[in-house]
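Participant: Chains W and S are the protein sequences, given in the same order. FYI, the numbering for the first sequence is 74 to 442, going by this note's numbering. FYI, the numbering for the second sequence is 74 to 442, going by this note's numbering.
Calculated directly from the structure, the hints in this document are not laboratory data. Fair warning: there could be bad hints in the mix.
No copy labels: a pair is met if it fits in one copy or bridges any two.
[Unchecked claim] Below, simulated DSBU-like cross-link-like pairs (lysine-lysine); rule was C-alpha separation at most 30 Å, straight line:
1) K440 to K316
2) K415 to K440
3) K363 to K440
4) K75 to K316
5) K415 to K316
2 protein chains.
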Amino acid sequence: MKSAMHLVSQTLLMGPGPSNVSEGVMRALGRPTIGHLDPRFIAVMDEVTSMLRTLFGTENELTIPLSGTGSAGMEACFVNLIEPGDRVLILQNGVFGVRMADVAARLGAEVDVVEFEWGRPVTVARAEEALFGADYRLVGIVHAETSTGVKNPVQEIGNLVRETGALYLVDTVTSLGGIPVDVDQWAADAVYSGTQKCLSCPPGLAPAAFSARAQAVLRHRSSKVPNWYLDLSLLSSYWEGAKRAYHHTAPINMVYALHAALSGLLEEGVEEVHARHCDAHNYLSDQLEKLNLDLFVEPGARLPMLNAVAIPSGVDDAAVRSRLLSDFGIEIGAGLGPLAGKIWRIGLMGHTARRANVDRLIAALGKLL
Amino acid sequence: MKSAMHLVSQTLLMGPGPSNVSEGVMRALGRPTIGHLDPRFIAVMDEVTSMLRTLFGTENELTIPLSGTGSAGMEACFVNLIEPGDRVLILQNGVFGVRMADVAARLGAEVDVVEFEWGRPVTVARAEEALFGADYRLVGIVHAETSTGVKNPVQEIGNLVRETGALYLVDTVTSLGGIPVDVDQWAADAVYSGTQKCLSCPPGLAPAAFSARAQAVLRHRSSKVPNWYLDLSLLSSYWEGAKRAYHHTAPINMVYALHAALSGLLEEGVEEVHARHCDAHNYLSDQLEKLNLDLFVEPGARLPMLNAVAIPSGVDDAAVRSRLLSDFGIEIGAGLGPLAGKIWRIGLMGHTARRANVDRLIAALGKLL
Chain W
74 MKSAMHLVSQ
84 TLLMGPGPSN
94 VSEGVMRALG
104 RPTIGHLDPR
114 FIAVMDEVTS
124 MLRTLFGTEN
134 ELTIPLSGTG
144 SAGMEACFVN
154 LIEPGDRVLI
164 LQNGVFGVRM
174 ADVAARLGAE
184 VDVVEFEWGR
194 PVTVARAEEA
204 LFGADYRLVG
214 IVHAETSTGV
224 KNPVQEIGNL
234 VRETGALYLV
244 DTVTSLGGIP
254 VDVDQWAADA
264 VYSGTQKCLS
274 CPPGLAPAAF
284 SARAQAVLRH
294 RSSKVPNWYL
304 DLSLLSSYWE
314 GAKRAYHHTA
324 PINMVYALHA
334 ALSGLLEEGV
344 EEVHARHCDA
354 HNYLSDQLEK
364 LNLDLFVEPG
374 ARLPMLNAVA
384 IPSGVDDAAV
394 RSRLLSDFGI
404 EIGAGLGPLA
414 GKIWRIGLMG
424 HTARRANVDR
434 LIAALGKLL
Chain S
74 MKSAMHLVSQ
84 TLLMGPGPSN
94 VSEGVMRALG
104 RPTIGHLDPR
114 FIAVMDEVTS
124 MLRTLFGTEN
134 ELTIPLSGTG
144 SAGMEACFVN
154 LIEPGDRVLI
164 LQNGVFGVRM
174 ADVAARLGAE
184 VDVVEFEWGR
194 PVTVARAEEA
204 LFGADYRLVG
214 IVHAETSTGV
224 KNPVQEIGNL
234 VRETGALYLV
244 DTVTSLGGIP
254 VDVDQWAADA
264 VYSGTQKCLS
274 CPPGLAPAAF
284 SARAQAVLRH
294 RSSKVPNWYL
304 DLSLLSSYWE
314 GAKRAYHHTA
324 PINMVYALHA
334 ALSGLLEEGV
344 EEVHARHCDA
354 HNYLSDQLEK
364 LNLDLFVEPG
374 ARLPMLNAVA
384 IPSGVDDAAV
394 RSRLLSDFGI
404 EIGAGLGPLA
414 GKIWRIGLMG
424 HTARRANVDR
434 LIAALGKLL
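With these hints in hand, go ahead and build the complete structure from the sequences.
Facilitator: Written out as structure tokens, the structure reads:
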């Protein structure tokens with residue numbers, strides 16, 4: 074029987090995620106499926122939440138992988154913490170900030186947005202003005218904007234949000250495992266991430282952490298969370314405590330894979346992994362210069378794991394990406410929204426963040442340009 | 074480093090799901106991760122949706138695996154098709170009917186419930202009375218109640234629902250791949266399933282199908298779907314059409330596994346697979362008799378893949394299940410809710426539905442009882 078599965082082959086994943094998965098993680102993914110209430114699986118779950126706390130830099134008890142991709146993490150944060158009529162402020166400079174505003178508005182929030190230019194970081198001064206301009210229930214920001222390659226000043230913004238009394242929500246989908254994430258130090262009340270970026274796991278889970286303040290807001294809601302699947306009070310009865318209550322059947326094998334990814338990362342050392350991302354980024358930056366390619370983001374705001382490259386005029390964006398994939402087995406990402414056709418997004422995430430991969434890409438780009 | 078992953082070992086999964094995963098599906102799960110917009114992955118997606126249509130017995134264009142477990146499928150059906158104030162009728166005879174009512178109420182629906190005794194099927198007469206008693210937007214029922222082992226008469230109910238003009242929602246989580254599912258013949262407008270039951274895939278995806286009528290309701294909503302992650306209009310732009318729009322990063326490797334599971338099932342033959350479930354069930358039924366164990370459900374309403382067994386008086390429910398797992402490597406399920414301590418749930422799902430597995434279980438039970 075002819076099947077499209079035969080076309081699937083090892084590809085160098087240098088786009089905005091998924092990134093390449095290590096052999097160890099793949100082996101874990103293929104371990105025998107066992108029951109979601111099996112004591113052995115619960116032991117695996119407990120190690121996963123413990124390792125996630127370390128990586129998130131948090132002591133938050135409610136630190137769990139949600140059973141969906143990163144966007145389910147975003148959904149979970151808003152649907153649990155927001156009720157209709159709540160005022161929400163989104164500091165927005167890319168696709169994922171736009172998505173935050175959409176998610177919140179769908180849930181009946183009164184959403185204010187401060188827009189910053191795509192490709193530039195959120196500035197503390199403009200954010201401060203907005204933050205104190207109204208009584209917000211929640212302020213949302215993206216740490217690492219995957220759509221532009223920009224790092225936002227989440228610590229500085231966090232210091233201000235704390236003064237206002239609002240809940241502080243930070244998207245760490247692309248940052249976690251690539252640059253320092255310090256949830257408790259930022260005073261972030263809700264953070265979520267994805268497995269397929271710097272954790273180098275297949276996509277499918279959304280690690281998330283919620284502060285005691287966030288949990289208190291959840292407990293004092295005036296209405297039930299309008300999303301049974303992502304209701305944190307139900308999920309915590311499965312992920313925490315002495316007696317685990319069935320909620321939904323956890324994605325067993327994906328949890329194995331996340332366990333292996335986190336173990337590998339902690340074994341290599343969090344600082345060492347961050348340094349490896351930084352080194353690969355610096356190396357890529359140097360090599361791009363040799364091809365006369367410019368990074369789109371100003372030096373101080375660049376993400377090491379997501380490098381936006383300005384597409385030179387006269388170059389056929391889609392044709393280059395397509396040939397990179399078909400002739401060289403390398404995936405890079407296209408620009409999104411207003412940046413479509415203007416930038417490529419070169420990922421150096423997790424397992425993929427190595428000089429040898431940069432060399433392969435640069436050699437291929439050299440032939441194509 | 075000591076790790077709980079070392080405890081994970083091959084287990085005979087004869088509970089309410091997950092079921093055992095075949096080697097072929099595990100191999101597919103471990104194929105190299107590629108990008109979610111890679112043309113090769115889109116070809117895999119297209120084959121998955123085509124095979125799902127065959128298995129669901131539907132020509133519905135919008136037939137896709139949702140990026141969450143079976144419960145996310147339930148959530149998706151309600152959140153897309155229901156708006157606050159809509160009247161919903163749930164025909165309820167187990168945990169999953171209770172869950173349906175909870176999900177719908179959280180979304181602001183006016184929910185009426187017709188309760189039937191747990192362990193007995195929904196009856197057409199009482200359902201009919203309720204169906205025509207009010208103007209319902211949607212009627213929900215569970216085809217195979219995993220909590221009790223009861224099969225509900227979804228065809229007969231479907232004939233009546235069609236007359237009322239309501240949307241017809243059927244939970245096929247446990248039935249799909251084990252007994253005939255005929256979505257178009259039932260005139261079902263929305264169905265969802267899970268991968269970890271009779272499809273013998275790891276948990277993580279929710280195959281679902283939506284009729285043209287359901288899609289029309291979706292198009293004419295007065296408000297946006299209050300769940301960005303599960304918004305079908307956004308999801309269909311990724312799963313359908315000539316140009317695929319990024320929504321969220323699909324769980325790539327889980328889609329591979331589902332592809333392999335569906336390919337294997339269709340290769341063996343849908344009728345043959347159903348017959349194998351039936352045979353394993355009849356064999357189990359005979360063997361249980363030899364141990365003086367009784368099935369809890371009346372013969373005509375029994376599910377082949379989920380066998381509720383009355384726990385003999387004087388037997389320690391938890392101790393037997395615990396020893397089955399620790400000493401014999403076999404998982405069976407506990408009763409839920411009012412049936413806790415009263416029944417065991419013995420699954421014969423997908424790959425697990427074979428006489429040899431029944432023999433192993435019966436031998437172990439024989440030693441323990």
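Participant: Compare the structure with each hint and give your call.
Facilitator: Now for the hints, and whether the structure bears them out:
1. Taking the closest pair of Cα atoms, K440 and K316 come within 30 Å of each other only across two copies (28 Å); inside a single copy the shortest separation is 60 Å, beyond that limit.
2. In this assembly of identical chains, the alpha carbons of K415 and K440 lie at most 30 Å apart only when taken from the same copy (20 Å versus 70 Å across copies).
3. Proximity of K363 to K440 under the C-alpha cut-off of 30 Å is restricted to the intra-copy arrangement: shortest distance 13 Å within a copy versus 73 Å between copies.
4. With identical chains, the CA atoms of K75 and K316 are at most 30 Å apart between copies only, with a shortest distance of 24 Å across copies and 48 Å within one.
5. In this assembly of identical chains, the alpha carbons of K415 and K316 lie at most 30 Å apart only when taken from different copies (20 Å versus 53 Å within one copy).
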